[in-house]
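Visitor: Full structure from sequences and hints, please.
Chains as they are written, first to last, in this note's numbering: chain D, 1413 to 1668; chain L, 1413 to 1668; chain E, 1413 to 1668; chain A, 1413 to 1668.
Hints listed in this document are in silico derivations from the structure and should not be mistaken for laboratory results. Glycine residues also receive a C-beta, built at the ideal position from the N, C-alpha and C atoms. Warning: the hint list may mix true and false statements.
Quick list of simulated restraints, FRET-style, between CB atoms [what the hints assert, rightly or not]:
1. L:Lys1463 x E:Asn1626: 43 to 53 Å
2. A:Trp1668 x E:Ile1569: 14 to 24 Å
3. L:Pro1624 x E:Ile1569: 26 to 36 Å
4. E:His1490 x L:Ala1457: 49 to 59 Å
5. A:Ser1510 x E:Arg1620: 51 to 61 Å
6. A:Ala1457 x D:His1490: 35 to 45 Å
7. D:Asp1623 x L:Glu1598: 43 to 53 Å
8. E:Pro1496 x L:Asp1468: 44 to 54 Å
9. L:Ser1483 x D:Pro1475: 24 to 34 Å
10. L:Arg1512 x D:His1490: 24 to 34 Å
There are 4 protein chains.
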Amino acid sequence: MSTIKPVLVVAGVRAGGTGAATAAAFARKGYSLALISRGAEDLQALVDDLKSAGSDATAFPVPSYSAPSISSVFQSIHTRYPSPHYAIRAALYNASHSIRKPFLELTLADFHAAQETIVEGAFAFSQEIIRVFKENDIDVDTGKRGFLIFTGSTTSIRGNRTTSAAAPAKWGLRALSQSLSKEFGEWNIHVAHAIIDGIINTPFSRSRFNDPPNWVENEDVRLNAEDIAKAYVYLAEQPRSAWTWELDLRPAHEKW
Amino acid sequence: MSTIKPVLVVAGVRAGGTGAATAAAFARKGYSLALISRGAEDLQALVDDLKSAGSDATAFPVPSYSAPSISSVFQSIHTRYPSPHYAIRAALYNASHSIRKPFLELTLADFHAAQETIVEGAFAFSQEIIRVFKENDIDVDTGKRGFLIFTGSTTSIRGNRTTSAAAPAKWGLRALSQSLSKEFGEWNIHVAHAIIDGIINTPFSRSRFNDPPNWVENEDVRLNAEDIAKAYVYLAEQPRSAWTWELDLRPAHEKW
Amino acid sequence: MSTIKPVLVVAGVRAGGTGAATAAAFARKGYSLALISRGAEDLQALVDDLKSAGSDATAFPVPSYSAPSISSVFQSIHTRYPSPHYAIRAALYNASHSIRKPFLELTLADFHAAQETIVEGAFAFSQEIIRVFKENDIDVDTGKRGFLIFTGSTTSIRGNRTTSAAAPAKWGLRALSQSLSKEFGEWNIHVAHAIIDGIINTPFSRSRFNDPPNWVENEDVRLNAEDIAKAYVYLAEQPRSAWTWELDLRPAHEKW
Amino acid sequence: MSTIKPVLVVAGVRAGGTGAATAAAFARKGYSLALISRGAEDLQALVDDLKSAGSDATAFPVPSYSAPSISSVFQSIHTRYPSPHYAIRAALYNASHSIRKPFLELTLADFHAAQETIVEGAFAFSQEIIRVFKENDIDVDTGKRGFLIFTGSTTSIRGNRTTSAAAPAKWGLRALSQSLSKEFGEWNIHVAHAIIDGIINTPFSRSRFNDPPNWVENEDVRLNAEDIAKAYVYLAEQPRSAWTWELDLRPAHEKW
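Guide: Have a look at this one:
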């Protein structure tokens, strides 16, 4: 990649979560970071942390993951990380929307919120990313013009009693990733999807769950965001002869 | 069902298609028909045909399958087929949106059109239907308060190069059907999903496809809407001990 | 089928079970019955019952479902139901082998028993059946030379902690059925697979399970063999334009 | 792992193939190698190559992958790599049996050969391996007592016209791997399955296929065994919080 600085774009970042850990992991590989998220203040704090650790990171707050928000934020990203000095070569769509309710209690707004954040945002994000990737040259080591990954969950492969809003969106995201993987493989663009099956040890989940009681201490029963990030870095580095569309990630002791 | 007249509601009806054939098949079983579709004129013509054949059918044209359209049309349906004289006991969500384009040629409007017609409409339709079903008594023969089926396709289980708008929506619909099947089984509400794998012999497809040349004449290579309808009637009549969530339907000679 | 008598062959028959119920259901449609099973005495008693009910049924006891046993028993079937007076037009492979053990407690004999009964037997049975089907003419109503169905279960689609012997065999059976469905569709031979998800109310299961306490009385929580048989008859009668490879069958209240 | 030397056991090794490349990759990580294969002479040549490259490798030729052969060869492995000086900590079951024939041309011997090499061998191999793994201590970095991986293919997830012998065996192997992953995760034993989708560039495939004409030169259309091996090493090193049961691997330009 010579003197062109590679950039990772992440949508969906929260302190201590998968997006933040992935950003940090790619920064260690020499990437600049464009971080898209709601919650401008928290996002800026996270970017400040990354910068004090020596990374080149920029916050791109959005009011929502609607397609217009996504399109608009990419204009700012291109201004901040202009070609030919920078090239976006990796992207993670990690935004999600957690909602578990009995079907008849779901409002249309609930349904739309899941669709917008999970599918519409990913659609717009992918169009922006793939348009950029197609202009990149092919990396010699990996055979890639770019790497695009989506974060899924067990809800991506199984509808359940309380997931009648989330499951349609997560299945939709998975379908998008499969279609894109098939369409853009021959462009040497690598598209992947990860099924995260288990609770991730984040400040958010620690504040929310205490069942089983020792889940935070017991490394066998929950995911570390850093370990998910390692998997994403691994996938980004897979050489052209052996690319993965999908893998699952779960703690050693997870019941499934 | 004594003197209460059962009603089938179908969303997505076109002359000679799956919706129309299902309507006719349920009419022969004694159901009144509430038919929701775009294209008021064609819909009325189809309803007139059904009525001349002796069925009790009513046209409920909609401008779109958006949730508000669906909610609004159900008010008209309840007015036309009021309780306790009528009871909606079967429903088919057959509306779909065919779109095959390279990903980067898709507009946001394309994406939304697929989402709205396939997923949002089904979500709103299902809420209306299941609310009604929960008020029904349990049919002695089938053990059902009601039967709700969704029409899927191979795009429902496989993303492909030109289906990056359609596949997310159809996978989403399938996820919805699975979630609802799991949530409402214990309410004795039967929710099913059919994967139609092949071309259906309709006026529309006859006007559009002529490959292979003899496909209309060759009964082994395409689906008849009437045969899909028979499958839907069969599913509606399955007894409580053995309900199907999903089946596939394809012509004898289909390559798959 | 004019004056040629159609024959159903069933492998895996036990009083009150799926095989027996399917036999009775096809007998009511005019089929003669060739019933293959272990346990000669019980099999003969069941055949006697079918005969007193007016069916034409014959017992073909086997020492095992090994391929040689299956091949040998088909010679007897052809002798008893000779062409051109009889034509085998439907077949059910219903033999299974229930084994749930921790992996390290499984013996090689356990493993082989599951493989032999579930996969090897089905392989040999299918070769016998499809060779015969290919000689049949095509039925006008269904477009079929013959119908072959396999009984699967949730173990057919999910490996679990105690199914490391059963799951490989049941997944193997499902793979066989899918391969055959694809290969012989163009021969107008219909191959199907049913996933039975739940407990079946049979003398055997009644003697074995009493959890939940009222499961036998509660029609919403278990399958009736007769209802599975109805599904098999339905599939056998599907017309050529709309054949099902796979459906699932479960009680209304089944958790899944 | 202090002064205890880790050992990788591979079943199914051929010069230039996945097994050999995986052996070499683990050797570079400090593993001793126990290589099981048919074809004693070729196996010894391969072991000699590994040894000249500085690896500690031993050939364990087998006449077949039958369970008795596998059990017997493990006695030799334990003699050669005795505890506590050595500990088997990784294992690859890579043996397969390629057979593509129309169903009615398959002999029972064909069917058994696929079953024996693909499923029975894997069953026996897994029992030997997991018994050993359970005695290991838990590795601090990975949280594992051991890592067991199986090589699958697209035939593992799709039955096709000419795979009615291979698909039942490969689906069976995948089911075994899923059952074991679920049963032994809580023992900190990591079981994985890889779906290799595409042609692998080996001496064997180069001698056999020349379609498309430039497939050997074009790095985008075929897998390198070394890249599959990299994936296996990555999986072996996944930390306890994020283990993968299954991933797919295919060339950038593969049509799927």
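Visitor: May I ask which of the numbered hints given earlier this structure violates, with the numbers listed in increasing order?
Guide: Those not satisfied are hints 5, 6, 7.
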